[in-house]
Structure formats: C-alpha cells, structure tokens
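Protein chains: 2
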Amino acid sequence: MEEHEEFEYQPKSVREIFIEMKNIAELMVDLAYASILFGDKEIAEEVLDLEERMDLLNYHLTTHAVLAARNVREAEQVTAILQMANAIEDISNAAGDLAKMVLEGLELHPVIKEAIMESEEIIGKIVVSPDSVLVGRTLGELKLATNTGVWIIAVKRGRRWIFGPDKDFRIRANDVLIGKGTHTSVEHLREIARGVIRVVGNEKT
Amino acid sequence: MEEHEEFEYQPKSVREIFIEMKNIAELMVDLAYASILFGDKEIAEEVLDLEERMDLLNYHLTTHAVLAARNVREAEQVTAILQMANAIEDISNAAGDLAKMVLEGLELHPVIKEAIMESEEIIGKIVVSPDSVLVGRTLGELKLATNTGVWIIAVKRGRRWIFGPDKDFRIRANDVLIGKGTHTSVEHLREIARGVIRVVGNEKT
Numbered sequence: 001m002e003e004h005e006e007f008e009y010q011p012k013s014v015r016e017i018f019i020e021m022k023n024i025a026e027l028m029v030d031l032a033y034a035s036i037l038f039g040d041k042e043i044a045e046e047v048l049d050l051e052e053r054m055d056l057l058n059y060h061l062t063t064h065a066v067l068a069a070r071n072v073r074e075a076e077q078v079t080a081i082l083q084m085a086n087a088i089e090d091i092s093n094a095a096g097d098l099a100k101m102v103l104e105g106l107e108l109h110p111v112i113k114e115a116i117m118e119s120e121e122i123i124g125k126i127v128v129s130p131d132s133v134l135v136g137r138t139l140g141e142l143k144l145a146t147n148t149g150v151w152i153i154a155v156k157r158g159r160r161w162i163f164g165p166d167k168d169f170r171i172r173a174n175d176v177l178i179g180k181g182t183h184t185s186v187e188h189l190r191e192i193a194r195g196v197i198r199v200v201g202n203e204k205t
Numbered sequence: 001m002e003e004h005e006e007f008e009y010q011p012k013s014v015r016e017i018f019i020e021m022k023n024i025a026e027l028m029v030d031l032a033y034a035s036i037l038f039g040d041k042e043i044a045e046e047v048l049d050l051e052e053r054m055d056l057l058n059y060h061l062t063t064h065a066v067l068a069a070r071n072v073r074e075a076e077q078v079t080a081i082l083q084m085a086n087a088i089e090d091i092s093n094a095a096g097d098l099a100k101m102v103l104e105g106l107e108l109h110p111v112i113k114e115a116i117m118e119s120e121e122i123i124g125k126i127v128v129s130p131d132s133v134l135v136g137r138t139l140g141e142l143k144l145a146t147n148t149g150v151w152i153i154a155v156k157r158g159r160r161w162i163f164g165p166d167k168d169f170r171i172r173a174n175d176v177l178i179g180k181g182t183h184t185s186v187e188h189l190r191e192i193a194r195g196v197i198r199v200v201g202n203e204k205t
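Quick note, the sequences are listed as chains A and B, same order. If you count by our numbering, then the first sequence holds residues 1 to 205, one letter each, in order. If you count by our numbering, then the second sequence holds residues 1 to 205, one letter each, in order.
These are calculated hints, taken from the structure and not from any lab test. Be aware that one or more of the hints could be misleading.
When chains are identical, the list treats them as one kind, so a pair holds in a single copy or across two.
[As the list claims (entries may be wrong)] Mimicking BS3-like on lysine-lysine, the simulated pairs with C-alpha atoms at most 30 Å apart in a straight line are: (1) Lys143 - Lys125; (2) Lys143 - Lys156; (3) Lys125 - Lys113; (4) Lys100 - Lys143; (5) Lys12 - Lys41; (6) Lys113 - Lys12.
Use the sequences and the hints to build the structure in full.
This is the structure in structure tokens:
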C-alpha cells in the first residue's frame with residue numbers, strides 16, 4: 001500500500017468499513033498460512049500491507065462509529081461494534097505474526113507445513129494449463145467457491161502477484177492459483193485446471 | 001468440556017496437537033460469528049469451551065516441543081512451532097472475545113449482523129426437510145464442502161447442539177445445519193435440504 005492512500009481513502013459507511021475489515025482479516029489468515037507453506041516472502045509482505053490497511057480501517061471505523069452515537073443506547077451499540085472490530089484486528093495481528101516468521105527467515109520445522117497441508121481446510125497451488133476451461137473466464141462467471149469448494153486467495157501471473165482477486169478477475173493460461181478448500185476440492189480444481197475435467201460445477205460444456 | 005478430560009487427554013504427537021489447534025481455531029472463529037449472528041449463547045459457550053481446550057493443547061504442545069529439541073538447530077525449529085502456536089492461540093482468544101459479547105448480552109448494532117451476512121464467506125442456517133437427499137447420509141459420504149462449497153460447522157438436533165461434526169456424522173430429518181460458504185453455495189445447499197434439488201455435486205440420483 002502506498003503512503004498517499006491514507007489521505008485519499010474515503011470510506012462510505014461504518015457498514016462498508018466493517019465488512020472490508022472482516023474480509024481482510026480472513027484473507028490475511030489464509031495468505032499468512034500460504035506464505036508459510038510456500039516460504040514466500042512476497043505473500044508475507046502482502047499480509048503486513050493488509051495489516052497496515054486494517055489499522056487504518058479500524059481508525060476510520062472508530063471515528064465514524066463514535067460520531068454516530070447520540071444517546072446511551074446508541075453508545076452501547078457502538079461499543080459492541082468497536083469490540084468486534086478489535087477482535088477482528090487481533091486476528092489480523094496474529095496473521096501478521098505468522099507472516100513475520102517467514103520474513104525473519106526462521107527455519108520452519110516440517111510439522112508446520114504438515115499442519116497446513118493436513119488440516120481440514122488446506123491451501124494448494126493450482127497451475128492453469130492453456131487448454132483448461134478456466135482460461136479466459138472471470139472468477140465471477142466461474143463461481144469456483146460455490147462450484148468447486150475452492151476459494152482463490154491469490155494468483156501468481158508471471159512474476160506478479162494478485163492478492164484477493166475479485167469477481168472480475170479473468171484467468172489466463174499459466175496463471176498459478178492459490179486456493180483454499182478441502183483436499184478433494186483442491187484436487188478436483190487441479191483436474192479442471194489441467195484440462196482433464198471439462199466442466200465446472202453443474203454447468204453444461 | 002468436562003473436568004476430567006484434562007487428565008485423560010493423551011496427545012500422540014506434536015504434529016497431531018498442532019493440526020488440532022489449527023482446526024479448532026478455525027472452528028472457533030466460525031462459531032463465534034455464528035453465535036453473534038443468531039444471538040445464541042449455547043454456541044458462544046462452546047467457543048469458550050474450545051478456548052479452554054486450546055489452552056490445554058498449547059500447554060501440551062509446548063511441553064512436547066521443548067522436550068524434542070536436542071541441539072541449537074532443533075531448538076530454532078521448535079521456537080518457530082511455538083511462535084505459530086501462539087499466533088493460532090491469539091486467533092482463538094479473539095474468537096473467545098467475540099463469543100463473550102454474546103454471553104454478556106451486549107446489544108448488537110444491526111451493522112454487526114449485516115457484516116456477517118454480507119461478507120464474502122457468510123454463515124447460514126439450513127433446515128433439513130424429511131424428503132431431502134441429505135437425510136440418512138454422513139458428511140463423509142456427502143462431501144458437502146467439496147460438492148456444495150458449504151462447510152458444516154455445527155448442527156442443531158432438537159434441543160441439542162453438535163459442534164464441528166466429523167465425517168461420520170449422519171444427517172437426520174429436521175436437523176438444522178449451520179454452514180459457512182458463499183451466498184450462492186448456502187442457497188444451493190438450502191435447495192438440496194428442502195428437497196427441491198435431488199443431487200449433491202456431480203453424483204447421479
């Protein structure tokens with residue numbers, strides 16, 4: 001994140017800031033595990049950038065929320081929002097701590113990667129082959145989280161990373177998707193990405 | 001969790017404890033949001049029970065890990081495990097803080113529920129109708145996370161809760177599933193649970 005963003009950033013409402021905070025915290029945890037799994041410092045750096053953005057969002061949220069309270073009842077409701085925002089920020093700080101382990105170049109015990117690979121939700125790299133049905137389609141069209149159970153948390157395109165790609169993100173041949181899901185669902189998406197399976201979800205080819 | 005478990009608990013390895021800690025932290029965050037969304041104190045209590053279990057697991061992990069280090073290199077690797085375990089415990093503590101908001105009976109601003117309902121991963125209640133294809137089948141057979149993109153984090157059966165049901169859990173008519181997924185995937189599973197859609201994933205009827 002660049003310096004000037006702090007001044008340009010104009011949040012629209014407490015609700016929008018809050019939703020963004022929740023989404024960012026979840027993305028940060030996923031990316032932190034991915035950075036550890038792949039030993040990737042660029043992903044870890046992104047986690048720390050998101051941590052800064054989270055601080056900024058929490059600051060804006062607090063200012064907006066405090067202004068919004070005009071009586072005791074509203075003040076109590078606002079307090080609950082701030083408590084929840086702090087819990088969300090704690091989660092994002094924990095994700096930041098995980099990312100720092102990668103940036104500090106700590107030698108990681110094999111058990112660490114095993115835990116990430118063998119827990120219920122795992123993270124996997126999925127390489128998109130040029131003849132996959134994924135090529136040329138957006139994440140919004142493909143609805144991968146719904147159709148395959150895999151959430152795409154990041155994409156590596158050539159040497160560039162795209163983090164938390166949105167529904168308008170269009171997949172290209174040779175993209176490397178970083179996905180979160182069950183073992184089975186990640187394997188299933190790999191077959192689609194390799195071009196072996198030609199349908200995504202219930203759609204017709 | 002009952003008192004005596006603390007003494008009976010015999011973890012098998014650092015790896016197993018670590019995987020359980022990661023799974024529990026994820027379940028706790030999901031359940032904490034669910035407790036807020038539904039204003040449900042029983043779910044919130046479970047989050048606090050899991051927080052106690054997490055403390056115990058972290059204690060066992062530390063003891064095991066410290067014993068395992070026999071030289072400087074191993075000590076460094078063990079330090080990384082303990083750092084990661086602490087970050088995971090921070091996440092579980094944040095989930096505990098969220099659950100406490102429910103137990104303290106804080107009046108929650110509408111924005112809080114909106115944030116949980118409108119973020120990328122949402123939580124929903126899914127009622128299983130007696131004529132749904134889900135009835136009588138286990139979560140392991142159904143592979144709902146893979147086939148529908150919905151993770152079942154809890155089930156209400158009559159007045160009883162089952163939290164973090166495993167693959168052997170068999171769905172019964174009138175179970176209320178608490179699922180996490182995209183809007184679309186939760187809606188899709190609702191159609192299956194209502195008996196409107198008769199297939200789960202790519203299987204044949």
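Item to complete: State the violated hints by number, sorted upward, taking the hints as numbered earlier in the document.
Response: 4 and 5
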